[in-house]
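So the sequence lines, in the order shown, correspond to chains A and B. Take the first sequence: its letter number 39 is residue 80 in the numbering used here, and every next letter is one higher. Take the second sequence: its letter number 54 is residue 314 in the numbering used here, and every next letter is one higher.
No lab work stands behind these hints, which were simulated from the structure alone. Do not rely on the hints blindly, as some may be mistaken.
Below, a list of computed lysine-lysine pairs in the DSBU-like style, where the Cα atoms sit at most 30 Å apart [unchecked claim]:
#1 A:Lys50 with B:Lys418
#2 B:Lys360 with B:Lys410
#3 B:Lys418 with A:Lys51
Just a sample of chain A residues kept apart from chain B, beta carbon distances all over 10 Å, derived [as the list claims (entries may be wrong)]:
#4 Asp55
#5 Ala65
#6 Glu129
All C-beta atoms in this analysis are idealised placements derived from N, C-alpha and C, irrespective of residue type, glycine included.
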Amino acid sequence: MDVYEVFVKKDGRDEFRHVGALEAATDELALVLAREGYVRRAEGDRLWVVRRDHVIVADDGFVAPNADKPHRHHDGAAVAARRRAAREAPE
Amino acid sequence: MRRWAAAVARSWVAMEDFEAFLDGGGLVEADDDMPDPYRQAVFAFIEMHANSELMGGLTERDWIPKTPGLRHKMAVLAKTQDEIGHGHLLYMVAADLGVKTRTEMLEDLFGGRSRFHNVFHYRAVTWGDQVAIAFLVDAAALISQQAVFKDCSYGPYKRILRRIIAEEGFHMRLGEDRMMRIAEGTARQRRMFQESLDRWFWPALQLFGPDSKPDDPLLRWHIKSERNEVLRDRWVQKFVPMLQGYGFSVPAPDLRWDDETRRWDLGPIDWAPLQRTLAQGGPDSARRIGEAADNWQRTAWVRAALSKGGARSDSSTVADNSRVSANGGASASGGNGGG
Ligand SMILES: [Fe+2]
Ligand SMILES: [Fe+2]
Chain A
42 MDVYEVFVKK
52 DGRDEFRHVG
62 ALEAATDELA
72 LVLAREGYVR
82 RAEGDRLWVV
92 RRDHVIVADD
102 GFVAPNADKP
112 HRHHDGAAVA
122 ARRRAAREAP
132 E
Chain B
261 MRRWAAAVAR
271 SWVAMEDFEA
281 FLDGGGLVEA
291 DDDMPDPYRQ
301 AVFAFIEMHA
311 NSELMGGLTE
321 RDWIPKTPGL
331 RHKMAVLAKT
341 QDEIGHGHLL
351 YMVAADLGVK
361 TRTEMLEDLF
371 GGRSRFHNVF
381 HYRAVTWGDQ
391 VAIAFLVDAA
401 ALISQQAVFK
411 DCSYGPYKRI
421 LRRIIAEEGF
431 HMRLGEDRMM
441 RIAEGTARQR
451 RMFQESLDRW
461 FWPALQLFGP
471 DSKPDDPLLR
481 WHIKSERNEV
491 LRDRWVQKFV
501 PMLQGYGFSV
511 PAPDLRWDDE
521 TRRWDLGPID
531 WAPLQRTLAQ
541 GGPDSARRIG
551 EAADNWQRTA
561 WVRAALSKGG
571 ARSDSSTVAD
581 NSRVSANGGA
591 SASGGNGGG
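The shape of chain A in the complex, shown without the other chains (with noise of 0.2 Å):
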């Protein structure tokens, strides 16, 4: 028995979305189970199944450098600063 992970998307709308996981002996059973299990009023027309093992997960703090890079957003402070003071001087 593999663990598989289970996607549904509404055709035409939304994104893949994540909607839990199952066990099953082979893929194609996997989206059998899936579609007994998940979409059983047919809450999407797409279905994937994946193997939670297949599932390349980041080590821990592998993102964390990005959380510290200012420069990548732009508040655009400077710029109010100057509208702001614009619009409060006296004509």
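Here the structure of chain A is known, so what remains is to put chain B with the ligands in place on it, guided by the hints.
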């Protein structure tokens, strides 16, 4: 780089840090580090929920052949499938906590070593009982699940509850529809339902459990969002007038309307029956557990058919049931307990 569940994504030095994270609305995932008492508490809660769905689904199944009319029979089939489906979803979420495997959980259930909701320790005697269960018990389950969903700190449980709650809503509406038909039926039908109500009102109410303890860790860790007595009262305020509106009487001798608080007051509650069910000593506990265990044995061939040896490796259509079961039969002796 790692594969799923190979390492922990976060670690906690002290319980206070973890609790501050939860108080701030933090969600815990299956592969996160979490304090062991939290893991055990979440696991026990989800395991009991999973067991209850399975036990409820099995009772529901017993009534499929006896359900009057094709339309209702189909609805009961769908409800049975939902409840067993809820069991599947929840056992998966519980197993991912790494405390017990699904097989271990099922063995404990069939061995009478783990708990399930009190209501499934009673026997449904008539069709009226089945309607009372669909209406009162599914509504009680829905109210308590909504309160867990609202603020649940364990992410996988919260997400799976969204789907379960939607389906419990169908069950409750189905139950009310069936009760309405009985209420509009003959005097004999109404008498039957009143007797069912007399049997099921109190067990359904006790599904919420006694008043929450002041230091209930389930509340502190944002697994439950509301106290048991608050949820129970919500059910009472909703269902007492509703049952009366359909012309039935609520089997509570001390029931009174409080003009000051503008609320229904049930009077004192006898918790002894609930305590008995928690010790597997309810009126129908032994039969129910035995029947569930027998069912597990009888369906071994299905699990064998769905196991690696039973499932066909070629890629032709999976809808070919005859071949799937033929292969499953051949390998059934292999005995896949895991399902
Ligand atoms: Fe359910
Ligand atoms: Fe239900």
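Against the structure, the hints come out as follows:
For the proposed pair A:Lys50 and B:Lys418, the alpha carbon gap of about 20 Å is at most 30 Å, so the pair holds. At most 30 Å may separate the alpha-carbon atoms for a hinted pair to count; B:Lys360 and B:Lys410 meet this at roughly 26 Å. Under the criterion of a C-alpha separation no larger than 30 Å, the hint pairing B:Lys418 with A:Lys51 is consistent with the structure, at around 21 Å. Listed as outside the interface, A:Asp55 is consistent with that label: its C-beta sits roughly 15 Å from the nearest C-beta of chain B, beyond the 10 Å cut-off.
Against the 10 Å criterion, A:Ala65 falls within the reach of chain B, whose nearest CB is about 7 Å from its own CB. With a least CB separation of 37 Å from chain B, A:Glu129 remains clear of the 10 Å interface cut-off, as annotated.
Going through the hint list in order, the structure does not satisfy hint 5, though it satisfies all others.
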